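Please put together the full structure from these sequences, using the hints given.
Chains as they are written, first to last, in my numbering: chain A, 1 to 813; chain B, 814 to 995.
Source of the hints: derived by calculation from the structure; they are not laboratory data.
All values reported here derive from a predicted model rather than from experimental measurement.
One or more hints might be untrue.
As the list claims (entries may be wrong) - No more than 35 angstroms apart at the CA atoms, straight line, and that leaves these computed lysine-lysine pairs for DSBU-like: (1) Lys301(A) with Lys643(A); (2) Lys33(A) with Lys847(B); (3) Lys73(A) with Lys824(B).
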Amino acid sequence: MAGNNGAKRNGLRVIGKPFPKVDAKVKCTGELKYADDLALPRMLHTKLLRSPVPHARIVKIDASKAEAYPGVKAVLLGKDLPITFGALPVSEDENALAIDRVRMVGDPVAAIAAVDEDVATEALDLIEVEYEPLRVITSIQDAFAHPEPRIHEYGEFGNIHRRQVYEFGDVETGFAEADFVREDITFYEGSTHLALEQHASLAQFSHDGKLTLWTSTQDMHYLHRHLAKVLGLPASHIRVIATPNGGGFGGKCDPFNHEIAVSKLAMITGHPVKICLTREEVFYAHRGRHPVLMSTKTGYKKDGSMTAMHHRTILDGGAYGGHGVASTFYTGILQPTTYKLPHYRFEAVRVFTNKAPCGPKRGHGTPQPRWAQEIQLDRIADHLGLDPAEMRKAHAVPPNSITANWIRIGSLALGKCIDKVVEGSGWKEKFRKLPHGKGIGIACSAYMTGTQTPIYWNKLPHSGVQLKLDRSGGVCVFCGSVEIGQGSDSILAYVVAEVLGIDPFDIRVVTGDTDLTPVDLGSYSSRVTLMTGNAAKQAAERAREILRQAVSEKLEVPGSRLVFADRRVFDIENPEKGMSFVDAVWLAEEKFGTLGTTGSYKPPAAPGKYKGSTIGPSPAFSCTAAVAEVEVNPETGIVTVPKIWIAHDIGQSINPVLAVGQIEGCVYMGLGEALMEEMTYRGNVNLVHKFPSFLEYKSPTTHEMCDVITYLVEEPDSNGPFGAKEAGQGPQLPVPPAIANAIYDAVGVRIDEIPITPDKVLKAIRAKAKGQEGRCGPTVFPTCEMPPPIFVRTPFEGGDGKAVEREPELSRK
Amino acid sequence: MKPIKKKTKAKLEKAHIRLRVNGEQVEVAFAPHKTLLEVLREDLRLTGTKHGCELGECGCCAVLVDGSPVLSCLALGVALEGHEVTTVEGMTDGTKLHPLQEAFAELGAAQCGYCTPGILLTAKVLLEKVPRPSRDEIKEALGGNICRCTGYIKIYEAVELAAARLTGEKAEPAEESIYGWQ
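Structure (structure tokens):
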């Protein structure tokens with residue numbers, strides 16, 4: 001049994017135990033119904049006509065032939081759904097169907113509902129669209145160079161969607177204190193989620209005026225609000241059922257045009273209407289990792305401590321806003337949460353381009369800056385002659401501290417994580433000692449467990465749970481969370497079972513249904529275990545109090561002596577004296593009437609008070625250290641990764657086998673991004689996706705996946721349920737930079753661009769052989785006009801968390 | 814009801830075939846261009862078989878035809894006349910799960926569960942041919958099945974656990990698979 005297992009230490013019976021997931025068996029038998037598995041009588045099928053051009057005005061659109069085609073029941077055009085929507089209130093820039101302008105290849109312009117998919121597909125060809133091409137904005141450089149035509153009429157100016165500038169403490173003072181300063185320019189290519197399940201939705205509009213939408217969404221609650229707005233229905237007349245997702249990874253967070261289209265078509269036709277995107281269409285839906293160009297200038301002392309960082313990022317956002325404004329913050333705002341950083345300036349720009357829109361993918365905006373800092377730290381350690389593992393450990397953010405940008409850190413055992421992977425990998429025997437072509441590298445990270453702020457401003461709970469207990473002894477948990485494979489349904493059962501002393505499989509879990517379940521904000525930002533766990537714990541504790549009162553009275557035992565365990569309620573001093581859990585529920589129902597409790601959770605307020613300070617703070621931070629071993633073939637540039645050691649501070653694992661599974665999944669996705677995954681486009685004119693298919697979009701198969709040695713470090717956080725923190729996103733962050741650092745150890749070249757494909761490695765090796773710098777990566781960082789920073793004094797210099805007017809002498813420096 | 818006068822003898826457009834599915838003889842009629850995947854999911858309502866690309870690239874839709882793995886999205890329904898098809902629904906023995914299904918559930922080898930049916934069936938064939946496969950043999954057999962959740966590790970471990978149990982061992986998962994390494 002695990003020596004570091006907190007559950008054993010705390011005498012917990014369910015938490016920390018490797019129970020199967022509550023839905024494990026139905027997932028292994030084909031019983032579980034995903035969205036496309038659903039079918040209703042009279043159901044119609046929808047296909048979307050998509051733009052073949054990246055940027056154009058729609059001059060004319062004629063759907064009359066399609067409407068007349070036998071089997072077609074309805075055709076929708078942009079004008080039928082004029083209200084805009086979008087994931088964030090600050091960038092509601094999408095129409096379900098393009099009205100007068102298409103902004104990317106794949107933008108939908110019409111939707112057809114027909115008796116079957118074949119008829120719908122045939123009818124697509126009958127819609128005539130005349131496009132007037134506009135200049136295509138292909139890249140960051142293009143967006144900077146061409147303010148016209150604007151892809152959107154809002155944003156900063158030209159094709160600049162968003163600019164953010166923050167300075168925490170005077171960064172020039174920090175650079176002046178440094179022994180050395182270095183600046184590195186790096187690039188992290190975009191990638192997509194590639195969840196196995198293609199997005200699917202089924203809408204039904206009944207004659208009582210109520211709409212039901214079954215859909216593969218991670219964020220049912222937000223979608224519910226968008227549907228109400230765009231369709232002009234009261235939210236109370238709309239029921240969204242989030243079907244179990246066949247993988248999400250952030251790709252099913254946004255409200256999608258196809259979800260709105262089938263809802264509207266159901267309202268028009270009176271038939272149930274279904275859509276399932278093709279794999280190619282899923283690439284257009286995208287919302288994946290932003291390509292980010294970064295410049296990271298860091299001042300450091302001889303001991304490897306940092307005195308200041310000036311970190312600049314430019315995000316290629318694609319055609320729409322989506323979650324992009326939040327993504328922009330995340331390319332810098334968590335930079336000070338891993339290592340001590342007294343002065344920090346962060347500048348970010350997001351541009352619009354005529355490509356599929358980017359958004360949240362596992363780690364949302366943070367893998368890119370983490371990559372930039374971790375490969376720079378490797379250079380710094382090399383320059384100073386320090387061991388990069390020891391240097392990281394020496395300067396790790398201490399627990400229970402506040403960062404320069406006013407993010408409160410609770411428990412954080414980064415040092416322990418580093419020790420684990422250093423020891424496990426045999427780091428000291430291998431680093432700089434392996435033969436040419438073999439190498440080892442380290443990187444670390446910290447990540448949030450849920451965001452402190454909901455997507456739209458409100459003071460309501462982030463997560464709600466209702467608990468129903470009835471005389472049969474049955475316990476049912478209702479929660480608006482969405483099961484995307486991470487085990488969120490199981491977390492609810494484990495937490496309630498632990499509190500009530502019953503078996504998790506005694507409990508029925510109902511989730512993801514806006515009619516039945518109280519609001520939970522959704523499966524994003526690693527928030528679910530902490531927030532639904534806390535809400536479930538509160539609801540269960542309230543239920544336990546009700547049962548305790550009833551049993552205490554009946555047995556004439558003080559309530560404080562009653563224990564709930566092994567499906568019984570009994571006197572701890574005389575365990576024979578007690579009753580079954582079922583009898584306790586019966587008794588309580590007799591005494592109090594019908595039983596039900598609720599629980600809710602809202603994160604604590606963050607100490608920062610400046611504009612934008614709500615992005616970044618989290619109830620708890622996890623942290624991770626990873627060591628990668630690589631083999632590089634100097635002749636071909638091919639990199640293989642045999643093994644990765646990874647240690648993750650999870651606070652307390654609610655279920656270790658699921659936690660280990662999340663971490664292994666993070667290693668996998670990090671490996672894919674590091675070596676092969678790229679969302680790229682063909683040509684600079686028509687901007688067609690290079691390879692919108694599973695075969696050509698390279699992702700790791702069993703042949704590329706490495707061995708993984710996972711260590712769970714459990715440093716409980718007082719804000720987490722039973723001390724739990726996240727595990728689903730953070731562990732991905734250190735994987736790509738650990739691999740890049742290992743490549744340097746193997747062949748002495750720096751690849752400053754993700755993915756690290758063989759051509760880049762070879763280029764760097766050849767450059768080095770010619771006596772040039774052994775490096776492959778960007779060399780130029782374009783600039784645009786930036787506003788003055790929001791200046792905030794750090795906690796270290798006695799700031800109060802508010803933005804201040806900068807003193808003139810400081811700004812002159 | 815008056816009989817309808819047939820003016821011309823309209824040709825029925827659907828193909829009509831007989832095959833065995835999960836041990837049962839079935840008759841099914843469908844548009845002749847439909848793939849086996851579509852026939853299974855839409856006409857026989859066996860939705861346990863999933864699809865991730867419908868182009869033969871991801872391995873999600875693997876089923877067994879006469880005992881061998883076949884990508885059902887690349888097989889035409891009409892070609893299955895007289896053949897024996899096994900889907901994930903056919904892996905259980907009544908209410909009893911196949912040892913592979915048990916091991917996958919036990920080790921969290923199914924996270925979102927979407928690639929799981931294809932992997933289970935592919936692994937079943939592997940274990941029929943190679944009762945105690947090495948890790949490399951498992952990787953080779955599952956090389957065509959993409960999983961985006963697990964990193965395959967728990968899948969290997971589950972296949973190994975099931976293999977041990979199927980060959981009569983009273984095997985339990987390794988401590989490291991469950992609690993991580995110490």
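Here is how each hint holds up against the structure:
Straight-line distance between C-alpha atoms of Lys301(A) and Lys643(A) comes to about 33 angstroms, which keeps the hinted pair within the 35 angstroms bound. The straight-line distance between the Cα atoms of Lys33(A) and Lys847(B) is roughly 22 angstroms, inside the 35 angstroms bound, and the hint therefore holds. Of the supplied pair hints, the one linking Lys73(A) and Lys824(B) holds, its CA atoms being roughly 25 angstroms apart against a limit of 35 angstroms.
Violated hints: none; the structure is consistent with every hint.
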